[in-house]
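Please model the entire structure based on the sequences and the hints provided.
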Amino acid sequence: AQSVTQLGSHVSVSEGALVLLRCNYSSSVPPYLFWYVQYPNQGLQLLLKYTSAATLVKGINGFEAEFKKSETSFHLTKPSAHMSDAAEYFCAVSEGNQFYFGTGTSLTVIP
Amino acid sequence: DSGVTQTPKHLITATGQRVTLRCSPRSGDLSVYWYQQSLDQGLQFLIQYYNGEERAKGNILERFSAQQFPDLHSELNLSSLELGDSALYFCASSVGVAGVETQYFGPGTRLLVL
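Read top to bottom, the protein sequences are chains A and B.
With this note's numbering applied, the first sequence covers 1 to 111.
With this note's numbering applied, the second sequence covers 112 to 225.
These are calculated hints, taken from the structure and not from any lab test.
Ideal placement from N, C-alpha and C gives every residue a C-beta, glycine not left out.
You can trust all of the hints, since none of them are fake.
Facing chain A, according to a computed beta carbon distance under 10 angstroms, are these residues of chain B, among others:
no.: 1; residue: GLN117
no.: 2; residue: TYR144
no.: 3; residue: LEU154
no.: 4; residue: ARG166
no.: 5; residue: ALA167
no.: 6; residue: PHE201
no.: 7; residue: ALA209
no.: 8; residue: GLY210
no.: 9; residue: VAL211
no.: 10; residue: GLN214
Structural data, given as C-alpha cells:
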C-alpha cells in the first residue's frame, strides 16, 4: 500500500518568508500527487496537482510544487508567506482507485 | 463554497446507535467519495461511488455502508457506533473516476459518539 509522509506536523514562518512543506510518497511508480489546504472548520480545497505533464506545478494563491521522481518527493513552496496562508496542508496520492493522505502540516504565519 | 453540501453539520449520538450522513455532489459530478478525519487516524478514504455504483473501497469498516442514489446524492450509514467513530466525515465529488480528477470537498459532518 502507498504511504504519504509529511515531515513536520507544525511549521512556523514569518510573514514574507519562504514556505516549504515537505511530502514524500512511497510508490516506485509515479502516482498522481495533490496538495490540499484546509482552513478551520472547512473542507479541503485543492491547491495543485501533478499529472505527469510537468514536474513543476503551479497552483492557486502563489503555491507551487516540484515532483522529483528520484527523491519520491512533492514538496510545496511559496516564495513569500501571507497571514492568510495559515492553515492545515495535506499531501495526497492517488494510485489506482485508492486515495492516500498524509497526516497534515499545520502552517503558522508569524507577523 | 465547493458546491458540495453535507447534512447534518453536527451529530451527537450514543454508542450502539445508527446514523445516516447525507451528501449532495456538485452539479454535474458523477463520483462521490467519503472520508473520515480523526485525530489519531488522520484523513482516511472510505469509499467511492460513481453514477450509482460502488467504484472503490478503502478503509471502511463492515459496520459502515454507503450508497449513491439515482439523483446522485449519497448517504453514509454508520451502525453499532463506538466511541472511536467520533470524527469529521467528509464527502467529496468529482466529474469522473480517474485518479487524476480534482475532488471537491464538502464542509463535513462532525460526529460525536458519547
